[in-house]
Every structure is written in C-alpha cells, then in structure tokens.
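Both chains come to you apart, so use the hints to assemble them.
Each chain, letter by letter, is given below.
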Amino acid sequence: MNESLSYFMMAWWDPYLVFLTAAGTFAGIYVGVIPGLSVTMAVSILISFTFSWDVNEALAVMAGVYVGGVYGGSRTAIMINIPGAPAAIAAGFDGYPLAKLGLAGMAIGVSTTVSFFGAIFGIIILACAAPLVSEMALLFAPRDYLLLSLLGILLIGALSGESLAKGVFAGVLGVLIGTVGLDPISAQPRLTFGSMSLMGGIHYVTAMIGFFGVSEALVQTLDLKKKIIKQKVDRILPSWEVILKHLPLSLRCSAIGAVIGALPGTGGDIAALLAYGHAARSVKNPSRPFGQGAVEGIIAPESACNAAVGGAYIPMLTLGIPGDAVTAVLIGAMYIHGLKPGPMLMIETPHLFWFTVGNLVMASIFMLIFGLTGIRAFAKMVEMPPALLMPIIVILSVVGTYSIQNSVTDVYWMLAFGVFGYFLKTYGFQIGPIILGVILGPIMDINFRRAIISAHDSLGEFGLELLVNPISLILTLSTMMLLLSQTPAWKRRMARRRTTPPPGGSG
Amino acid sequence: MLKTLFGAAAALSLIAASGAGHAADFPTKDLQGIIMWGAGGATDVVARAVTPLVEDALGKSIVLTNKTGGTGAIATTYVRSRPSDGYTLLYGAENPQMYKVLGLADIDYDNFYAVNLLARGVAVVVVRSDSPYKTLKDLVAAVQKNPGQVKMGTTGVGGLPHTVGSMLKTVIKFDVTAVPFDGEGPGITALLGNHIEFIPVGISAAAEHVKSGRVRALTVVNPEPVASMPGVPAIVTEYPDFAKYLPWGPFYGVFVNRDAPDAAKRALDAAFAKAAKDPKFVEMMESRGNVMMNIAGAEADKFLTKWRSVSCWILQDAGVTKESPEKFGIPRP
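Chains as they are written, first to last, in our numbering: chain A, 15 to 521; chain B, 16 to 348.
Okay, chain B solo, but in the shape it has when bound (with noise of 0.2 Å):
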C-alpha cells in the first residue's frame, strides 16, 4: 500500500518537473564539486559560498571535495578523467590557462565548459602607509635608481604578484628583489613587518588593511578605478600601455567537460546565473574587491582566451616557461 503511494507520488513529481521545462532530465542525482584549492582559500569560500544557492536551484545536493596539489592540475585532471554527464563540477581559479606552458598539464580550460565565470579580482599595489612612495611614479623611480634592491613581494611564478610584477616589467624597466610568500595573506603579513616594501596583490587581501589606514594602495591594476578602492588612480592613466593586458586578475568559475551534454550545461547554467545573482552571496563577492562578471558559454570563452594569452606571454617573456605559448597556438597579446 505504502509503496504505491510512494510510486504514485514519484509519478506525480516527474510529471510536474517535466512539465516545469526541458531541463529537468538533469539533475537526477547528486552531483560532485572538486575544489581545486584547499580549505579556507579564496577559491574554496567562493565554491562553499555559492553552491547552497545552487543546489536550491537544481533541487540536488552537490557534494564538495577539496582536491589540491600541482596548483590544481591534480584536480583539473581528475575531473577531465570523469564521465563528460555534467555531474562532475570543477571548482577553478584562473591556474589551469598556465599549466600548457609551465609544463603542469596537457589540458587547459579549452577541454572545459565554463558553466558560469562567476567574479575576478583586480589586483593593486600596495605599500605601507608609512612607505616614502606615494604614487606608482615614486615606487619606479626607486626602483630605477637601485635596480635589484627594493624587495617585492610575490606568491611564486605565475602568482598574481609575480604576473603583475612582470607586467611592469615588460611596460618599463623594473628590476627587483622578489621575495615569495605562501599566499597573498602571508605576503601583506611581510608588508606589514616591514620585510618587504611593496607587493602587488589582489584587492580582496589588501582592502581592509587599506580601509584601517596601515596599507597604502598606490594603483588598480584595471581598465577604470575601481568602487572598492576609492581614489586609487587605474595603472592605465599613467602607464597607457598596460590597456593591452587588461581586464586582468583572479578569477573564479564552475567548469564541466566540454561535451557534456547540452541540457546538463543549460541546466546548470540556470542554476548558478541564478545563485550568482543572490543578493547576499554578491554582496560577499563585492566587499572581497571583486567585481561580479556571471557570464557563460561563448561569453566566457573569449575572456578565457585573452587571459591565457596576456599570462602565458607574460610567463614566456620572464623566461619562466617550459615551453613557448608558440607551441600550443596562443597568440601574442
């Protein structure tokens, strides 16, 4: 008795959620979410932060699992290697576009489908308040006159700082001390005690210590000003040769393989631009620094093109790469 009316329910429920429109063959169980970073970082915030909102929308849970190692190669990897049914998420940040030329991996996010870019940051330039350099033009000078003495911080080759330090290097000649950190944290931590004098990082590490009046932002690293950082000139109004690298920054999207079915990707596209636009996860996104972009597909693809293109040169021309970005057919910026 009871399992027919379980059984007539069930019915009940498909044909009402096949009637709500043709996504509804998917979900139609619970899907897996890989972290490509670890416990506590940036892009595991995001993915913990935006994947309740989701499940909302498809009515499934998404199971999360941090994955780490090879800068999230190991990651990217394991879920290129997992059936191409959409019910394996990838979790990323912007690290697979490098992996072809630093030799990490033979797959980037060409092998993906971007079911939703969610945000990027935009990086900044820091120094401490008490610091003799007031504006960008300060910090050049001082680097020009004792080339090889003022101490940068970094996070490592291919880090945000390391890209951006390169960036100045490659507009004007700019030879520094490169002292790597663990993370973005750990290198404002170093700014803070005065063991390095400045570092480029993202706007989401740097903005409170700003707001408390021990950090001195001297420029955005972006097209315009950004709300998040009022009064910091962009790096373009006096570096105009920097508009070919940008937008430029961190990003964090949700990946599926690349043929994966078209109502998996349709479906989930509607369910995370629909938790991308929840009032509350927007708002943490936005006091982090960073600026909502919530696009998919085609969109996606061509601002995923131009970030691999601006780094992997960038990369190539500090001499950093294994192999010439020539190699794998990404052009020049």
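Here chain A stands alone, though its shape is the one from the complex (with noise of 0.2 Å):
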C-alpha cells in the first residue's frame, strides 16, 4: 500500500513533472477545441517529440494531452454547435439550444464541473477494479458489439426532431456513408466508382466536420445582421444543489462511459452516445426539453466521455490491449520507450501503474482548473460577429480535415458533406442520426458479420448464442425492451397505468 502510493505520489513532487502534465492539458484542451485536430493525432506527434525523453515525462505530457482533448472537444460543441471531437457530438445536443438562449457559460461551467466528476469516476475504477473489469471486456463477443451498437442506433428516435421519417432517413444516410470503402472482410470495393482515393472509406471526422461545422456556419451566415446573443457569465460554477440533484445521473452515466471505454474497439463518442440516449430514456422531467437546453443532455455525455479515459486505460494497462484510438498510440509510445505493454507491465514495472494513476488525477485537476478559468473568454467567442467568427470556423474546418489524413478528397467531400447539411437543415432533417449512423454503422456491419461467421453461418446458431450468454442475454432483453416501449400499444398502457392510481394505493 505504502509503495503504491509512494508510486501514486511520483508525479506530484517532481515540479518538471507536473509542469509537463500540466502543459499537456493545456495543450490538450486546444486541440480538442478544434475539430480535426484529434487526440489521437497529438499524441502520435508527441511520440517522435518526445522520442529522447525520459519514459515518465512522455507519458505525463500524453496523459494530460488526452484528459485535455476529451475534455476540450465540448466547448466548440456548445457554443457554436460545431463539435471539436466525435465524443463531443452528444455534448452539442442540448449545449447549443443553451447557448443560444445566453446560457454558454453555465452550460459549460456544468459541463466541465461534470467532466471532472467523470474522470475522476473513470480513474478510480481503473485504480480500484481494474483487473476485474477487463476481464468482464475479454467477455464482449462480436454479437455484443453489434447489440451495443443497435443500442445505440435506436437514439435515432430520440434525435429526430420534428418527424421520426426524416429522422431513420438520415440515419440511414449516416450508414450509407460509412459503407464507402474496402469491405472490411472481403476487401471488395464498396461504392467507390472505381475510384483509389474512395478506396479508404469517408473518414468519419471528415463527416463530422462538414455536417456540423461548415453547414452550421452556411446557416449563421444567412443571417449577418442578427442580434447577437448576450451570453451571461456571472454565474459559471453550477451550484451544490444542481450537482446534488443529478448525482445518481452522473454516476450512471460514468459507469456506462468507464465499461464502454474499457471495451477494445469502442471509445469516447460512443460512450457518450449512448450516455446521452440513457437520459433521454430514464430522466422523467429534466429541466427543458432534450433537443432544446436540458442540463441533463450534457451531463449524460459530459460525463461519460471523460469517464471513458479511465476506462481505456484499463485494458492497456493490464493486458497490452488499447481501449481505444488513443491508448493505441500510447502503447506504441510505451515500446519505443522500452517498455513492454502487456499482460506483464504490472508485473515488470509495478510503478508504471499507480504512477498513471496519480498522473491522471492531476491531469484532471488541471482540466478543472483551465476548464473553470477559460470559460469566460471562450463564451464570449458565441458573441463575435458571425461574418468574422464563420470564415474562421470554415478553415479550420479544411486544415482539420486535411490533416486527419493528409487527403485532399476529405476536404472534397467535408466541403460537399457541409452544402448538403445545409439544405438538410433548411427542410428539417436532424444531423444527429447522419453522424451516429456514420459511426456506428459500420460498427453494426462488421460486428454482424463476423458473429454470423463465428456462428459457423447458421442464424439458428447466431440466435441461441444471443440468449444463453449472460452478457448477449442482458444487451438483448434491454434492446428488445426499448423498442417494446416505443410501440403505441406499450405506451397506452404506460398512460392508463398513470392515470389511474393502482389498486388499493390510496386505501
């Protein structure tokens, strides 16, 4: 006990070493802000960087980078409905509808309040469940992934705004987009004409980045003589009460986002997915609306996402295995500066684990600090006049595109993905399903495909395996119970059963 937290402390007393965790969350949160530029891509910069470096001080430097860029990826999305990051997606849900009604302060203010709370949640379970929960991810089976996934889609009806149709077509356009591409299987071209540069698929940031970020600005320029909204920021920190009140929800939330980041294969975005739609579904009266500036809309996925840091770190840690993009390029990290990931890093290197462990706690503490302090400045960006603030947002919408993978044709197509959002926002399509249609559905091909093989290509076998494991069987129950409560025969019954109070209730 002594030695771990003598390992714990390592971080903390050596000045160099909390600058460097410190300057990598700064850092961090400015690429996370600005879409395209990824996590994912700082860190693997930072691995030549930081080539000749000493071990420690490389991972302090990631570890704050990516508890930064989580974190930094909603700030964009609630003020200017321009997502920095895919995890961010959920946070403009009902960030945006806040910022305009003059709440970007208090909506971020909760947002990084709640962040924080995640990430925390995230980093105990890692410190204190680790070895547990990845063996419970070992157990995710590719028919679990694609019942995760069908989960997921199933917030399409939550996401449709004014008609569920125009809703599941652009979900539906979302999956369309995420086929394009080498068949992950067979490696036969799919809707690429041919074409090499298609043969790669469409990126789904270059997605993201053109249906939210260019088409949002094609709508704000519409109108150049609009009153500017008054954002009002005395009041940032979101006070006990609120934080009290939606506790059990936060909790919720960051237990669903710590699982799905320990999964290897699922990440962030969907953890705060799939967090967002878990509100919808189970907050009875929140505040405003979902769609239109409830609280609980971002701290469903606030805390989720940052929950999931944690979460991906387990795998990684105990077992070599990433538990996303990031602790991907992170293990790469670890090779080259000697270490061995794997299921004998614990074993080999005791401190590596707790020295993580304290390393991301501070890191979280920097967020919170940054976090707090920025946001008056960064709420009054909403109040910069859009024929300055929409040029901006539209070359940063081309450098991050082009830089996710150097592709002239993403910008191509980012730039295409924008005018068509526009149009599709002018006659009531949501983007929402579009994205979580991109990022899912290929989640949903592969996952199928490779749980029917493994059912040597027999639906009969596929079926039974679906119910006699425990974990398929909970996923399954819970998949066929939401839409059970979506059907109008379940939803009468739900009507009668509260209108009438139940029998001998009031004596």
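Hints are computed from structural coordinates only; laboratory data are not their basis. Among the clues, some could well be false.
Simulated restraints on C-beta separations [claimed, not checked]:
#, chain 1, residue 1, chain 2, residue 2, range
1, A, Asp471, B, Ala156, 21 to 29 Å
2, B, Ser144, A, Ala37, 42 to 50 Å
3, A, Ser20, B, Lys292, 35 to 43 Å
On a predicted model such as this, the values are computed, not experimentally measured, just so you know. Cβ atoms here follow ideal geometry from the backbone N, Cα and C, with glycine treated the same way.
This is how it looks when you write it as structure tokens:
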C-alpha cells in the first residue's frame, strides 16, 4: 500500500512532471477545441517529439493531452454547435440550444464540473477494479458489440426532431456513408466507383466536420445582421443543489462511460452517445425538453466520455490491449521507451500503474482549473460577429479535415457534406442521426458478419448464442425492451397506469 | 555586417560538409516521410522510432505524415507520383507486394528502391493456455476431425493470419472457420475472451501474452526456432514442406522511387544503416519479436521478390486474387 502511494505521488513531487502534465492538459484542451485536430494525432506527434525524453516525462505529457483533449471538444459543440471531437457530438445536442438562450457560460460550467466528476470516476474504476473490468471486457463477443451499437442506433428516435421518418432517413444516409470503401472482410470495394481515393472510405470525422461545422457556418451566415445573443457569464459554477440533484445520473453515465471505454474497439464517442440515450429515456422531468437545452443532456454525455478515459487505460495497463484509438498510440509510445505493454507490464514495472493513476488525477485537476478559468473568454467567442467567426470556422474545418489523413479528397467531401447538410437543415432534417449512422453503421456491419461467421453461418446458432450468454442476454433484453416501450400499445398502457391510481394505493 | 558573417559561416560549413564526402550533395533541404499505416500501428511505431536517429545522421529533418487507406496503396501511389529526387520517403510494410494480384494498384516495390529493410516479424500460432491443443499436430488433428468447425482468427484477406492459414491449407488439409478482426491485437483479445480457438499472429502481438502464461505458442512459422520464443518448435520440424515458403513474415522498410539519383540513395542508405544499428532501436525492435535485417539495394530486392512469389501464389491458390500472379510474371515459389 505504502509502495503504491509513493508511486502514486511520483508525479506530484516532481515539479517538472507537474509542469509537463499541466502543459499537456492545457495543450490538449485546445487540440480538443479545434475540429479535426484529434487527440490521437496529437499523441502520435508527441511520440517522435518525446523520443529522447525520460519515459515518465513522455507519459505525463501524453496523459495530459488525452485528458484535456477529451474535455476540450465539448466547448465548441456547446457554443457554436461544432464539436471539436467525435466524443463531444452528444454534448452539443442540448448544449447549443442553451448557448442560444444566452446560457453558454452555465452550460460549459456544468460540462466542466461533470467532466471532472466523470474523469475521476473513471480513474477510480481504473485504480480499484482494473483486473476485474478487463476480464469482463474480454467476454464481450462480436454479437455483443452488434447489440451495443443497435442500442446506440435506436437513439435516432430521440434525435429526430420534428419527424421520425426524417430521422430514419438521416440515420440510413449516415450508415450508407459509412459503407464506402474496401469491405472490411473480403476487401471488395464498395461504392468506390473505381476510384482509389474512395478505397480508404470516408473518415467519420470528415463527415462530422462537414455536417456540423460548415453547414452550421452556412446557416449562420444567412443572417449576418442577426442580433447577437449576449451571454451571461456571471454565474458559471453550477450550484451544489444542481450537482447533488443530478448526482445519480452522473454516476450512472460515468459507469456507462468507464465500461464502454474499457471495451476494446469502442471509445468516448460511443460512450457519450449511449449515455445521452440513457438520459433521454430515464430522466422523466428534464429541466427543459431534451434537444432544447436540457442540462441532463450535457451531464450524461460529458460524464461518460471523460470516464471513458480511465476506462480505456484499463485493458491497456492490465493486458496491453488498447481501449480506444488514443491508448493504441500510447502503447506504441511505451514500446519506443523500452516498456513492454502487456499482461506482464504491472509485474515487470509495478510503478507504472500507480504512476499513471496519479498522473491522470493530476491532469483531471488541471482540466478543472483550466476549464473553469477559460470559460469567460470562451463564452465571448459566441458574441463575435458571425461575419468574422464563420470564415474562421470554415478555415479551421478545411485545415482540420486535411490533417486527418492528409488527403485533399477528404476536404472535398467535407465541403460537399457541409453544403448538403445546409439543405438538410433547411428542410427540417437533423444532423445527429447522420453522424450516429456514420459512427455506428460500420461497427454494426462488421460485428454482425463476425457474429454470423462465428456461428458457422447459421442464423439459428446465432439466435441461440444471443440467449445463452449472460452479457448477450442482458443486451438483447434491453434492446427488446427499448423497442417494445416505443410501441403505441405499450405507451397507451403506461399512460393508463399513470392516470388510474394503483388498486388499493390510496387506501 | 551580420549578413556577411552569416555568409562566411555558411560558406565555411559548406566547405566542411563537402570535405566530409560526396554524399554531402544530399540532402540540402528537409525530407518528407509518408507512413502507409495509421498512428499507433506497427509500421507507424517503427517509423517514429527510427526517424529521429536518421535525422541525426542526415542533419536534416524528416517530416512524418500518416497517409492511410487501401492497405497502404494510397501512400504508395502518392510517393510514386512525387519527383524522384530522394526527398520523399515511403515508410512501408509488406502490403504493396500484393497490390497487383489484389487489383489495388498497378505498382509494387519493383517501382521503388529499398533504402533499408529494417526488420521482419515472425508469425507464431497461438492458443489459449487452457486449450486442449498442446502442439500444432493436435490442432491439425482436431481441424481434420471436424472440418469447418474450429474457429481461427484472421485480420482479413491478405493479412498475416490469413496467409499462414492458407499456407497450412496448401501443405495439409486444413478447413477452418476464419473470423476476421480489425488487427492482430483485437484478434488476440478475441482469443483471450474465448471467441476463437487459435490465431496465427506476429510474435510482437503475442510475446507478452505468452510470457504471462495466458496464451500458448504452438509453433513459429520460421525455418528455425526464434530467440524471443524459447522452447517453441519451428514449423518445419513438424511439416518440412513449409521450408519453400520461408522466411516469410511482415516486414518494415523505407523506400524511395527507384529512379532517384544515386547520391541520394547512397546518403540515405548510409543514414538508415547507421540508425538501424542503434542499440536502443535494436532493443525495441527485438523486444517486439522482430528479426533485424538492415539490408538495402540488391539484397533487399532478392528478399522482396521471394516474398512476393510466396504471398501472391498463396492468395491465388486461396482463390482471392483478382488477377493471376502469372500475368505479372511472378513465378511460383
């Protein structure tokens, strides 16, 4: 125990490591803010940059960038409806409506507080239950990933806005965009029309930047003389009352985030979407309706995507298996520094685990500090005249898109998505379901086929497997319940039950 | 005044540099390095580890960029389309050698000059440690008893597990259900979770799991046993027919266009050969289960040609090629 504590404090006693973590977190927040500049990219650039450094120094700065970057993405999502990273998409669903009401400062304040809460929750899970969670994560079979993404895609219902049909259309469009490229199993080209540039597929961040960034810029330039909304920044920190009231929701969503983060192959973006869906269904009386500025709609995704950071470290530190794209790069960095990520890592270099935990806690604290101190300046950004702000957004979108894979084709796609998204918005289609389709479509595609192949191409065996495995059974039942609860018959029954008091209830 | 001072200094350093040897004509500006796989992948890690050492030797920076897509075909065609001046490097893996037969591109490493083949990986067939299969023979017997029932993990057509599986198929009767995953890491994860029964992977992906005792290595797909997998027999001891395919495995190399100037090739050769001997780099590569090669030019070409023959014909025999290797004059191994 004493040993663990001394490893935990390693980063805290060394002023240089404290400085590096702080600098990393600060840089991470701004990497997160800019759409297209991803944490994955920043960390992989840091690999070369920190090649000759001491390993602890390199890991400290990378942990900072990771924690800061995941948090930073939601700022632009809230203020100008342009998520800085996929994990922040869900934060904009209710955050942006709040900014339109002049409450951006409050929204970011809530986001920062619950981000910190979620991050610490994820780290506690990492510190206390890492071996347990990683064993559980291993049990997730392809069919379970399929069911998880099905649960996620059902969120279309909550994101459709005025018409479910339009929502479904948008979702299917997203799935279709996600299928472009080489088929992941047989390497057959799909919808590539013989073009080499399309073989790599359309990166989902390209779609995200186009549909959110450029289309939003177009919508807002439509009315340049529109009165700018004055943002209230006098009260940023949410009151204890608000925090306590939503504590159960933050806890549930942090748990979702930590588990989804720990699953290899799913990260903060999916965690945030699932948590948002969970909130939209479980919160009976939100502060405002979901999609129109519900505080719950910020709390859920923000606590989840930040808890996913600690979660993603779990399989990485215990088994050498990355929990998401960033931890995959971190594993590479560890190899370069002579460490051997894998199940032996905690035995051969025991200090590393607690050092990382201590480091992540420190980065989370810096995230809270930098997050809260920067809000006033950031909220003012929304008050910039659109004639100035929108061109900046378009330029950042182009630069960000190009830097994903250094491909000009991606930029053309992004611009096309932007123009197309503008028309979709004009005609009452929502952007959310498209992105949902782009992100979850490929996961459903590959995992359905994996699951069927695993069941020796037999639908019967596949169906049986859904019922005999505990994890699959729970997920199947939740999916069924969710579908059932949306049927008119079920809704009528629930409404009847609510109006008529239960028999014998009133004595 | 200052200007003349700088001018004098520059002239002096030029004289000093040209005195150092002919290679000083190159490089006169920063280089560009294109990595054909994404951030965090094996190729990316190797590229980012070796490059700082090469920069020291060359005295110029190499700006690294990941250009993914089409299993590296996008990066490969991009580098080919750049001027052949030696300033654009391709950090590549084995994939281009199969582009022609897979119909992904009409070029392969024949169009490039191998500045350095840094290292190659060795494949190893692994099962869970609680698996009933103790040797490759056990596994083969189980597969032959229940054709199509035993689940093998792969990483898609043309990947290492698929190719090793196809080798087994051509040497012995070996009919399995191949479940594809996103990479060797996710494949091992599925093995640990008991979703597949065995998987051939590179030693780098398996080594730490074998050491921890959760995973058992049945055989190394190599002409002789490998130091990083002590006590694991080479596949040729059980199946001598494998010898004609080996050595085979993923490899990591650095390439420039074949018609680049000789001065550039020589300067790059020297810089990479020096970097590839750096103890820290060698240790990193070997700890990942790689066999260092550090070969260039004609020697590298020989390796590349044999590699292409083996892989292309295995794909052809597995029936997944678009064009026959014969069409491109690729001989059977």
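Hint check:
For Asp471/A and Ala156/B, the Cβ-Cβ distance of about 24 Å falls inside the hinted range of 21 to 29 Å, so the restraint holds. Separation of Ser144/B from Ala37/A is about 44 Å and conforms to the stated range, judged on CB atoms against 42 to 50 Å. Between Ser20/A and Lys292/B, the C-beta spacing of about 38 Å keeps the proposed range 35 to 43 Å intact.
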